[in-house]
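**Q** Residue numbers (the numbering used here), protein chains in the order written: chain A, 73 to 468; chain B, 73 to 468.
The hints are simulated quantities; they were obtained by calculation from the structure and are not laboratory data.
Since the model is a prediction, treat every value here as computed from it, not as a measurement.
Treat the hints with care, since some could be wrong.
The list treats identical chains as interchangeable, and a pair is accepted whether it falls inside one copy or across any two copies.
As the list claims (entries may be wrong) - Using 30 Å as the maximum straight-line C-alpha spacing, the simulated DSSO-like pairs for lysine-lysine come out as follows: (1) 457 / 192; (2) 457 / 427; (3) 152 / 433; (4) 152 / 354; (5) 457 / 152; (6) 152 / 401.
Number of protein chains: 2
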Amino acid sequence: MSHFIPHGFRFASVCSGIKHEAGRADLALIVSDVPATAAGVYTKNLVCAAPVTFDRERTPGRGFRAVVVNSGNANACTGKRGMEDAVAMARFAACAIGAADDAALVMSTGVIGHFLPMDKIEAGIYAAAQILASDEEALTNAAKGIMTTDTRHKLFSKSVTLDDGREVRIVGMAKGAGMIAPNMATFLGVVATDAVLEPEEAQSLLRTIADKTFNCITVEGHTSTNDTLILLANGAAGGASAASNPDFCAALESVCEDLARSIPEDGEGASHLVTIRVLGLKEESHARTIAKLIAESPLVKCAFAGNDPNWGRIVSAAGYSGVEFDVSKVSLRVNQFLLFQNGAPVDFDPETVAKSMRENKEIDVELRFGEGTASARFWTCDLTKEYVSINADYHT
Amino acid sequence: MSHFIPHGFRFASVCSGIKHEAGRADLALIVSDVPATAAGVYTKNLVCAAPVTFDRERTPGRGFRAVVVNSGNANACTGKRGMEDAVAMARFAACAIGAADDAALVMSTGVIGHFLPMDKIEAGIYAAAQILASDEEALTNAAKGIMTTDTRHKLFSKSVTLDDGREVRIVGMAKGAGMIAPNMATFLGVVATDAVLEPEEAQSLLRTIADKTFNCITVEGHTSTNDTLILLANGAAGGASAASNPDFCAALESVCEDLARSIPEDGEGASHLVTIRVLGLKEESHARTIAKLIAESPLVKCAFAGNDPNWGRIVSAAGYSGVEFDVSKVSLRVNQFLLFQNGAPVDFDPETVAKSMRENKEIDVELRFGEGTASARFWTCDLTKEYVSINADYHT
Chain A
73 MSHFIPHGFR FASVCSGIKH EAGRADLALI VSDVPATAAG VYTKNLVCAA PVTFDRERTP
133 GRGFRAVVVN SGNANACTGK RGMEDAVAMA RFAACAIGAA DDAALVMSTG VIGHFLPMDK
193 IEAGIYAAAQ ILASDEEALT NAAKGIMTTD TRHKLFSKSV TLDDGREVRI VGMAKGAGMI
253 APNMATFLGV VATDAVLEPE EAQSLLRTIA DKTFNCITVE GHTSTNDTLI LLANGAAGGA
313 SAASNPDFCA ALESVCEDLA RSIPEDGEGA SHLVTIRVLG LKEESHARTI AKLIAESPLV
373 KCAFAGNDPN WGRIVSAAGY SGVEFDVSKV SLRVNQFLLF QNGAPVDFDP ETVAKSMREN
433 KEIDVELRFG EGTASARFWT CDLTKEYVSI NADYHT
Chain B
73 MSHFIPHGFR FASVCSGIKH EAGRADLALI VSDVPATAAG VYTKNLVCAA PVTFDRERTP
133 GRGFRAVVVN SGNANACTGK RGMEDAVAMA RFAACAIGAA DDAALVMSTG VIGHFLPMDK
193 IEAGIYAAAQ ILASDEEALT NAAKGIMTTD TRHKLFSKSV TLDDGREVRI VGMAKGAGMI
253 APNMATFLGV VATDAVLEPE EAQSLLRTIA DKTFNCITVE GHTSTNDTLI LLANGAAGGA
313 SAASNPDFCA ALESVCEDLA RSIPEDGEGA SHLVTIRVLG LKEESHARTI AKLIAESPLV
373 KCAFAGNDPN WGRIVSAAGY SGVEFDVSKV SLRVNQFLLF QNGAPVDFDP ETVAKSMREN
433 KEIDVELRFG EGTASARFWT CDLTKEYVSI NADYHT
C-alpha cells in the first residue's frame with residue numbers, strides 16, 4: 073500500500089543497539105525540511121517521563137524541524153539525569169540535520185527506570201540523519217522503528233484538495249499494544265502534514281480530535297508514563313491556514329481514528345477489535361463514562377474472547393458507572409442482534425450471535441439509553457489468555 | 073475446625089434442583105429461634121436484583137426470624153415477576169418455620185435473566201426447615217449451600233466475653249469468587265450473633281465495618297447486581313446492647329475481615345492473595361482511590377501472577393489516579409523489600425524478591441507517600457490464565 077507523503081518531510085530509522093534483539097530498528101527520525109508548527113497531547117499520568125515534560129513545555133510552538141523517537145527504553149523514572157538525556161537527545165537530532173539547537177522534539181518508549189545509553193543514541197541519530205528520505209520505504213522504516221510489542225507497524229494517510237485547488241497531505245504513524253515487559257510501554261503517535269497551521273490552531277484541533285480518537289481507546293486502562301501525540305504542520309503545501317477547512321479537519325480526524333483503532337486491534341493477545349457505542353444519555357460525559365467502563369471490564373472482555381453475547385456483564389457494567397438511568401429504557405445490540413430491551417433480556421439464539429462474533433474480527437456493541445441524545449464511542453480489544461501470558465510470563 | 077455457634081440460631085441446606093449439577097446444595101436457611109434485629113449493606117449497582125430491593129426496603133429492622141438463600145439463579149433482570157418471586161420465597165421461608173409472613177429476608181445468586189423455579193424453591197425451603205440444626209455440620213452445610221464458583225466454603229467465628237461476664241458469639245458465612253458463567257455471580261454474606269443490638273446500632277456498625285472490609289476487596293472490579301451482606305442479632309446472649317462494647321465491635325470486624333479476605337483468596341483462577349497498603353496521603357479517600365486502582369489494574373495483577381516485583385506498574389497506577397502527590401516522596405515495598413524510593417527505583421535483586429513472591433501465597437504491597445497520615449488497605453488476587461479460561465471458555 074502506498075501512502076500520501078506530505079511535501080517537505082523525510083524519514084529514517086536505524087538499529088542503534090538500544091533494543092537487545094539484533095536487527096530491530098529502535099531509533100526513528102521524522103524531519104521537516106522547513107520550520108514547522110508543532111502541537112502535542114500528552115499522558116495525564118503524574119508519574120511522567122522526561123521526554124513528556126520536555127515536549128509539553130515546548131508545544132504548541134513554531135520553528136520545529138524534527139521529532140526523534142527511540143524505542144526500547146522509556147527514559148521514565150530517571151530523575152534529573154533523565155531530563156538531561158532528553159535535552160541532549162533533542163540537541164543531537166537538531167545538530168544532525170543542521171537545525172537550531174531547540175528545533176527538535178523527543179519521544180521515548182520501552183522499559184522504565186533505566187538511563188538511556190546516550191552513546192548509542194547519539195551515534196544512531198547521526199546515522200539516521202544520513203539516510204533520511206521522503207519515499208515509502210523510509211516512511212515505513214520510521215513507523216517500524218518506534219514499535220515495541222506491536223505485531224505490525226501502524227501507518228495511515230490522506231490527501232485532501234482544499235477550496236483553492238491545492239492538495240494537502242497528512243500521514244500518521246503510531247505504536248502501542250498495551251503496557252509491556254519488563255515494565256511498561258506506551259502510546260506514541262506522530263502526525264505530519266504539509267498544511268499551513270498556526271500553533272494555537274494546531275493545538276486546538278489536535279486536542280479536539282484526540283478526545284474523539286486516541287482518548288477513546290483502551291487495552292487495559294493503564295495510562296502510561298510516556299503517552300505522546302505530536303502534530304507537525306510544515307506549510308509546504310502553501311496557501312492559507314487549513315484549520316477551518318472542514319475537509320482538512322475531517323481528513324486529519326480520519327487519520328487519527330485509523331491510528332487509534334489500530335492500537336486495540338493490535339492489542340496484546342487480542343483476537344477481536346470491539347467498538348462500544350453508547351447512545352441516548354443526557355450528557356456526553358455520561359456516555360463516555362459508561363463506554364469506558366464497559367471497554368475496560370475484564371469480565372466483558374473475557375466474554376468477547378469467548379465469543380459469548382453476555383448481555384448481563386455489559387448491562388451490569390453500565391449499572392455500576394454511577395450514571396443515573398432508567399433500566400426499562402435500555403436496549404443492547406451486539407453485531408446488530410437485539411439481546412436486551414425494556415430492562416430484560418429478549419428471546420434470542422445465543423449460538424447465532426456467537427457465530428457472528430466468532431466469524432468476525434470486529435465486534436460492534438450498541439448500548440442505547442432513553443435519557444437524551446448524547447453519545448460516545450470507545451474501541452477496545454478482548455482479554456485473552458495470551459494477554460496474561462505476555463504480561464505475566466515475560467521473565468520465563 | 074469447630075466454630076462458635078451463637079445461641080438460638082439453626083442452619084440447614086438442601087439440594088433443591090436449581091443447580092444443574094446433581095448433589096450440589098443450592099438452598100440454605102439461617103433461622104433464629106427468637107425475633108432478631110437485622111441490618112443490611114447492598115450492591116450500589118443501579119441494575120439490582122429483586123432480592124436486593126426486597127431486603128433493602130426492610131432493613132434495618134427487628135422481628136426477623138430467617139434468611140433464605142438460593143444459589144444457581146440470581147433472580148436479577150426478571151422484572152415484576154422476579155419481585156413477586158422474591159416476596160413468595162421469603163413468605164415460604166417464614167411459613168416453613170412457623171413465623172409471621174414478613175419475618176424472612178431473601179438472597180439469590182447465580183445466572184441472571186431467568187425466573188426462579190418456584191416449585192423447587194418452595195419444596196426446598198420446606199425440606200430445609202425439617203432438618204434445621206445448631207451443630208457444626210448444619211452450619212457448614214449452610215455455608216456450602218450458598219456457594220457458586222467458590223472452590224471452598226467460607227466460615228469464620230469469634231467468641232467474646234463482655235464486661236458483665238456474658239459470652240457473646242459471632243459466626244459469618246460468605247460466598248463469592250468473581251462474576252461467573254454464564255452471566256454473573258455475586259458476593260453474599262450472612263453474619264449471625266446472639267448479642268443484643270438495636271436496628272440503628274446494627275446498621276451503623278455494619279456499614280462502618282463493611283467499608284473497611286467487604287468494600288475493600290476486589291477480584292476484577294465488576295460490581296454485581298446481587299451483592300448483599302446481612303447481619304442478624306437475636307439477643308439470645310442477653311444483657312445490654314453490645315454496640316458500644318469495643319471487644320464486640322473488634323470481634324465483629326475480625327469475622328468480617330476474615331470473610332472479606334477469603335473472597336479474593338478464593339478468586340477465580342487466583343494463585344495469590346495480595347494486600348495493598350497505601351499510606352501517607354492527605355485524605356483517606358485519596359488512599360482508597362489509589363489502593364483500589366492498583367488492586368484492579370490488570371497489568372499489576374498479571375505481574376503478581378508472574379511473581380514479578382514490577383514497581384513501574386504499581387507506581388504508574390498511582391500516577392493516573394487523579395490524586396496529587398510528590399513522586400520524590402514515594403517509596404514502595406513488596407514483601408518488605410524496598411523497590412522504589414525518592415522517585416526512582418532502588419538497586420534491588422529482582423530474583424530474591426521474585427522468590428519471596430513465588431514461595432508465598434500472600435503478597436504484601438506497601439506504597440508510602442509523603443503527603444499526610446491517611447491510609448487504606450485493599451485485598452485483591454492476581455490475574456491468571458485460569459481466570460480468563462473461567463470467564464471466556466465457559467460455553468466450551
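**Q** State for each hint whether it applies.
**A** Each hint tested on the structure:
1. Neither within a single protomer nor between protomers do residue 457 and residue 192 lie at most 30 Å apart by alpha-carbon distance, with minima of 36 Å and 38 Å respectively.
2. When the C-alpha separation of residue 457 and residue 427 is checked against a cutoff of 30 Å, the pair qualifies both within a copy, at 21 Å, and between copies, at 24 Å.
3. Neither within a single protomer nor between protomers do residue 152 and residue 433 lie at most 30 Å apart by alpha-carbon distance, with minima of 45 Å and 38 Å respectively.
4. In the homo-oligomer, the alpha carbons of residue 152 and residue 354 lie at most 30 Å apart only across protomers (27 Å), although the nearest pairing inside one protomer, at 46 Å, exceeds that limit.
5. Taking the shortest alpha-carbon separations for residue 457 and residue 152, neither the intra-copy value of 39 Å nor the inter-copy value of 39 Å comes in at or below 30 Å.
6. Proximity of residue 152 and residue 401 under a CA criterion of 30 Å is satisfied inter-copy only: 15 Å between copies versus 55 Å inside one chain copy.
Of the hints listed earlier, those the structure fails to meet are numbers 1, 3, 5, in rising order.
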